[in-house]
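There are 2 protein chains.
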Amino acid sequence: MHIRLSFITFSLILFLVVDMVKIPKSHPRYWSLLYREKIIEGMEKGITAKAGLIAHGRGEAFDYLIGEKTIPPAETAMRAAIAKLLLAKHPVISVNGNVAALVPKETVELAKVLNAKLEINLFYRTEERVKKIAEVLYENGADEVLGINPTKRIPGLESERGKVDENGIWKADVILVPLEDGDRTEALCRMGKFVITVDLNPLSRSARMADITIVDNIVRAYPRMIELAKEMKSLPKEDLEKIVATYDNSKVLSEVLIHIRDRLTKLAEGGIWKKEKLDI
Amino acid sequence: MHIRLSFITFSLILFLVVDMVKIPKSHPRYWSLLYREKIIEGMEKGITAKAGLIAHGRGEAFDYLIGEKTIPPAETAMRAAIAKLLLAKHPVISVNGNVAALVPKETVELAKVLNAKLEINLFYRTEERVKKIAEVLYENGADEVLGINPTKRIPGLESERGKVDENGIWKADVILVPLEDGDRTEALCRMGKFVITVDLNPLSRSARMADITIVDNIVRAYPRMIELAKEMKSLPKEDLEKIVATYDNSKVLSEVLIHIRDRLTKLAEGGIWKKEKLDI
Numbered sequence: 001m002h003i004r005l006s007f008i009t010f011s012l013i014l015f016l017v018v019d020m021v022k023i024p025k026s027h028p029r030y031w032s033l034l035y036r037e038k039i040i041e042g043m044e045k046g047i048t049a050k051a052g053l054i055a056h057g058r059g060e061a062f063d064y065l066i067g068e069k070t071i072p073p074a075e076t077a078m079r080a081a082i083a084k085l086l087l088a089k090h091p092v093i094s095v096n097g098n099v100a101a102l103v104p105k106e107t108v109e110l111a112k113v114l115n116a117k118l119e120i121n122l123f124y125r126t127e128e129r130v131k132k133i134a135e136v137l138y139e140n141g142a143d144e145v146l147g148i149n150p151t152k153r154i155p156g157l158e159s160e161r162g163k164v165d166e167n168g169i170w171k172a173d174v175i176l177v178p179l180e181d182g183d184r185t186e187a188l189c190r191m192g193k194f195v196i197t198v199d200l201n202p203l204s205r206s207a208r209m210a211d212i213t214i215v216d217n218i219v220r221a222y223p224r225m226i227e228l229a230k231e232m233k234s235l236p237k238e239d240l241e242k243i244v245a246t247y248d249n250s251k252v253l254s255e256v257l258i259h260i261r262d263r264l265t266k267l268a269e270g271g272i273w274k275k276e277k278l279d280i
Numbered sequence: 001m002h003i004r005l006s007f008i009t010f011s012l013i014l015f016l017v018v019d020m021v022k023i024p025k026s027h028p029r030y031w032s033l034l035y036r037e038k039i040i041e042g043m044e045k046g047i048t049a050k051a052g053l054i055a056h057g058r059g060e061a062f063d064y065l066i067g068e069k070t071i072p073p074a075e076t077a078m079r080a081a082i083a084k085l086l087l088a089k090h091p092v093i094s095v096n097g098n099v100a101a102l103v104p105k106e107t108v109e110l111a112k113v114l115n116a117k118l119e120i121n122l123f124y125r126t127e128e129r130v131k132k133i134a135e136v137l138y139e140n141g142a143d144e145v146l147g148i149n150p151t152k153r154i155p156g157l158e159s160e161r162g163k164v165d166e167n168g169i170w171k172a173d174v175i176l177v178p179l180e181d182g183d184r185t186e187a188l189c190r191m192g193k194f195v196i197t198v199d200l201n202p203l204s205r206s207a208r209m210a211d212i213t214i215v216d217n218i219v220r221a222y223p224r225m226i227e228l229a230k231e232m233k234s235l236p237k238e239d240l241e242k243i244v245a246t247y248d249n250s251k252v253l254s255e256v257l258i259h260i261r262d263r264l265t266k267l268a269e270g271g272i273w274k275k276e277k278l279d280i
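If you read the sequences in order, they're chains A and B. Going by our numbering, the final residue of the first sequence carries number 280, and the count climbs one at a time with no gaps. Going by our numbering, the final residue of the second sequence carries number 280, and the count climbs one at a time with no gaps.
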């Protein structure tokens, strides 16, 4: 009986039915488990693509490696990103299925505080998914959602994947494209857009192609970016320009790799095998 | 028309219908894309669990870090694993949903060359999934598949997750449990089994609990293990025993971490951003 109960508790807590029970926030991997569940729910609702689940898994692994917290190079990148977005004439925030499943409310809030437009931009675009994501954004307070009837195309990408809104990404000078595919990030860079991405994998093509790469979990990054936007909104233009001008994305990405490297070294030196158990 | 055709070609080639067309093998991420598709197909067929998709993504992340190739410590671990399996009285190879989706043919071939039994062993066990995985194994040439009506239980695991076959894992002296959950690996070790795992995450509990940990992608490891088994089958027993006796799993795992660490250092120093593109 004891074993049976502990099994039930364990399964409930650890794996699938996060919504039905309260995971104690003290659980060492509370957030990771909660957002894993949100992605699975997103797929069940038709918001997130199947490949989005795999992408989420990749993100989880990199998040383990950085330590599941916002590290200094990510904070530096976020400050530069917010400065650039505040300086932009036509800032646009792109939304895909994973973003809509994980941070719908924060996406809408970030767009509002930055006066940025929101555009749905899907790798596996179907009208059904676009519609569902738009609903989620409107439910979370969006006033306008672009990308529903896109009429323009990003050069170098084929039709479905390249579709963009004339009043959104097409016209944008600065674009925030979180959790984005490398091909599209590259195509946007080629169009001369200033591209900001959020990507937990510092080795991904998106991470390497973007002008500013925030290597952080979007569930931590967006709330922090909202705070930063509120704080930095009142800064003089010159201060914002200085933040952008002194930002070096290569340096920031190298710092992330060094952070991961040092963490692995520490774990490796700790004699963790068999004797000590980490919460991994 | 041209654009439409190239879109169709591109989508077909790159993402979803890999089985129907040939992805050019020259594509830098050919294997990763092919097996990602196989996992999605596995889920659609009811072979792979949803959580299996996320687990696959975690594996992809660690495969990025090791460089998407078999590294020397993995080769060392595979040699020791094959030696131990050839020496075993009752070797068993465990099969779960991800394994069945990724390497069904190789699993059957490896079992045959090692005279090992095959047992279906699922974390999210349902009779439906067991049946479908058994079908896949039989289609790929298996003569016998255990785990369909398991009557024994691994002590310390609750009923569904602990079910094992009396003639398989229950009786086994050496078990190959690839892509396995940490709890089960630990429970098998406690039963006194010699446990070999294949896991891309060198920090996972499975990796740390197992007697031999092959940190490699199973799609590369299984074909190589089949080759090794054929080569090593003719070795004298003493030679095999020597390979096992001199094997040190902690050392091998440390070497994996050092490999990743050195790779990250090189990348961090190399200025890979934007200018140079790596095939990552």
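No lab work stands behind these hints: they were computed from the structure. Glycine included, each C-beta is placed from N, C-alpha and C at the ideal position. Certain hints may be false.
Lysine-lysine pairs mimicking BS3-like chemistry, simulated, CA-CA at most 30 Å apart [said to hold, decoys possible]: (1) LYS105/A with LYS266/B; (2) LYS89/A with LYS266/A; (3) LYS266/B with LYS251/A; (4) LYS50/B with LYS152/B; (5) LYS38/A with LYS45/B.
Only some residues are given here: those of chain B computed to face chain A with a beta carbon under 7 Å [stated by the list, open to error]: (6) SER32; (7) LEU33; (8) ARG36; (9) HIS56; (10) LYS251; (11) GLU255; (12) LEU257; (13) ILE260.
Structure-based check of all given hints:
1. LYS105/A with LYS266/B: Answer violated: LYS105/A to LYS266/B is near 39 Å, above 30 Å.
2. LYS89/A with LYS266/A: 45 Å, violated
3. LYS266/B with LYS251/A: OK: LYS266/B and LYS251/A at ~14 Å, within 30 Å.
4. LYS50/B with LYS152/B: Distance of about 27 Å is within 30 Å: holds.
5. LYS38/A with LYS45/B: This hinted pair holds, its Cα atoms lying about 23 Å apart.
6. SER32: At about 10 Å, which exceeds the 7 Å cut-off, the nearest Cβ of chain A leaves the hint on SER32/B violated.
7. LEU33: 10 Å, violated
8. ARG36: Status holds, d = 6 Å.
9. HIS56: This hint holds: HIS56/B lies near chain A, its Cβ roughly 5 Å from the closest one there, short of 7 Å.
10. LYS251: This hint is violated: LYS251/B lies away from chain A, its Cβ roughly 10 Å from the closest one there, beyond 7 Å.
11. GLU255: Where the cut-off is 7 Å and the nearest Cβ of chain A is about 9 Å from GLU255/B, the hint is violated.
12. LEU257: 4 Å, holds
13. ILE260: Cβ of ILE260/B sits 6 Å from chain A, so the hint holds.
Checked against the numbered hints given earlier, the structure breaks hints 1, 2, 6, 7, 10 and 11 and satisfies all the rest.
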